[in-house]
Amino acid sequence: MSGLFDNEMKLEFSSKSSNEAFARITVAAFVAQLDPTIEELADIKTAVSEAVTNCIIHGYENKEGIVKIIAKILKNTVMIEVSDTGKGIENVEMARKPLYTSKANLERSGMGFTIMESFMDEIDIQSVLGLGTKVIMKKAIKPKEEDEEETKLG
Amino acid sequence: MNVKYNEKDKLLLLEITEEIDHHLVDILRRKIDNEITRYMPRKIIFDFNNVSFMDSAGIGMVIGRYKTMNMIGRKSRNDKC
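Residue numbers (the working numbering), protein chains in the order written: chain A, 1 to 154; chain B, 1 to 81.
If you're looking for bench data, these hints aren't it; they were derived computationally from the structure.
As the structure is a computational prediction, the values presented were derived from the model and not from experiment.
Don't take every hint at face value.
Unchecked claim - Dumping the calculated SDA-like pairs for lysine to any residue here, alpha-carbon to alpha-carbon at most 25 Å:
| # | chain 1 | residue 1 | chain 2 | residue 2 |
| --- | --- | --- | --- | --- |
| 1 | A | 97 | B | 59 |
| 2 | B | 67 | A | 109 |
| 3 | B | 31 | A | 19 |
| 4 | A | 97 | B | 65 |
| 5 | B | 67 | A | 106 |
| 6 | B | 31 | A | 61 |
| 7 | B | 31 | A | 22 |
| 8 | A | 10 | B | 23 |
| 9 | A | 68 | B | 23 |
| 10 | A | 63 | B | 19 |
| 11 | A | 103 | B | 31 |
| 12 | B | 67 | A | 57 |
| 13 | B | 31 | A | 10 |
| 14 | A | 142 | B | 52 |
| 15 | B | 67 | A | 102 |
| 16 | A | 103 | B | 27 |
| 17 | A | 16 | B | 52 |
| 18 | A | 103 | B | 69 |
| 19 | A | 103 | B | 33 |
| 20 | A | 16 | B | 23 |
| 21 | A | 63 | B | 59 |
| 22 | A | 103 | B | 23 |
| 23 | B | 67 | A | 115 |
| 24 | A | 63 | B | 30 |
| 25 | B | 43 | A | 107 |
| 26 | B | 67 | A | 114 |
| 27 | A | 103 | B | 4 |
| 28 | A | 16 | B | 26 |
| 29 | A | 103 | B | 70 |
With the hints as extra help, turn the sequences into a complete structure.
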């Protein structure tokens with residue numbers, strides 16, 4: 001945990017659905033230092049919300065547990081790791097398929113991983129049955145054009 | 001969420017003003033199903049104009065209400081999203 005990254009943070013909270021808003025807003029506030037656009041920030045918030053929801057309803061199946069988020073910044077890229085020590089995913093390939101849900105009775109849309117994949121640049125899912133799941137997502141925040149400001153001023 | 005019911009057209013208008021995530025969906029679903037049972041509307045309109053955040057739980061909730069309306073032989077549509 002030395003100087004590999006420009007900045008990093010860790011967050012741990014109870015697996016309560018009321019903490020979902022807290023989690024995505026905290027990550028968004030951390031990412032704000034990269035000066036993201038509203039759209040980029042909305043993408044990150046949605047992806048974090050999906051990952052945290054998965055931990056709560058699938059990982060811990062609404063039982064007590066701790067959801068952990070680590071966010072790191074290197075240059076203009078943010079890496080977000082969301083993990084639980086819950087039941088794990090039996091078939092990750094299957095879970096990634098759009099519209100697939102293991103909890104159809106809960107009115108889930110089955111779009112969680114699909115949303116994370118399309119809103120972030122990269123996603124990696126590591127899962128061990130009985131031990132938990134870790135989702136690692138990366139997104140590069142596009143640097144804003146400096147001269148755009150100058151044109152406005154000029 | 002603001003609920004408006006138009007008796008003449010049997011139209012249920014749901015103006016959602018909160019951030020729609022898994023947590024809110026559990027509350028919203030119960031409220032909306034209550035309104036559906038109460039009014040038995042012919043049509044539901046969801047107004048998402050004032051929604052600043054929604055994730056896949058919201059999609060699931062809307063599809064779920066669509067299915068409920070189909071089941072009781074009605075229609076639901078999304079307005080101005």
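Structure-based check of each hint:
no.	hint	in the structure
1	A:97 x B:59	16 Å, holds
2	B:67 x A:109	13 Å, holds
3	B:31 x A:19	21 Å, holds
4	A:97 x B:65	23 Å, holds
5	B:67 x A:106	13 Å, holds
6	B:31 x A:61	23 Å, holds
7	B:31 x A:22	23 Å, holds
8	A:10 x B:23	23 Å, holds
9	A:68 x B:23	18 Å, holds
10	A:63 x B:19	24 Å, holds
11	A:103 x B:31	22 Å, holds
12	B:67 x A:57	22 Å, holds
13	B:31 x A:10	36 Å, violated
14	A:142 x B:52	22 Å, holds
15	B:67 x A:102	19 Å, holds
16	A:103 x B:27	18 Å, holds
17	A:16 x B:52	22 Å, holds
18	A:103 x B:69	21 Å, holds
19	A:103 x B:33	20 Å, holds
20	A:16 x B:23	9 Å, holds
21	A:63 x B:59	24 Å, holds
22	A:103 x B:23	16 Å, holds
23	B:67 x A:115	22 Å, holds
24	A:63 x B:30	21 Å, holds
25	B:43 x A:107	21 Å, holds
26	B:67 x A:114	22 Å, holds
27	A:103 x B:4	32 Å, violated
28	A:16 x B:26	13 Å, holds
29	A:103 x B:70	21 Å, holds
Hints 13, 27 from the earlier list are contradicted by this structure; the remaining hints agree with it.
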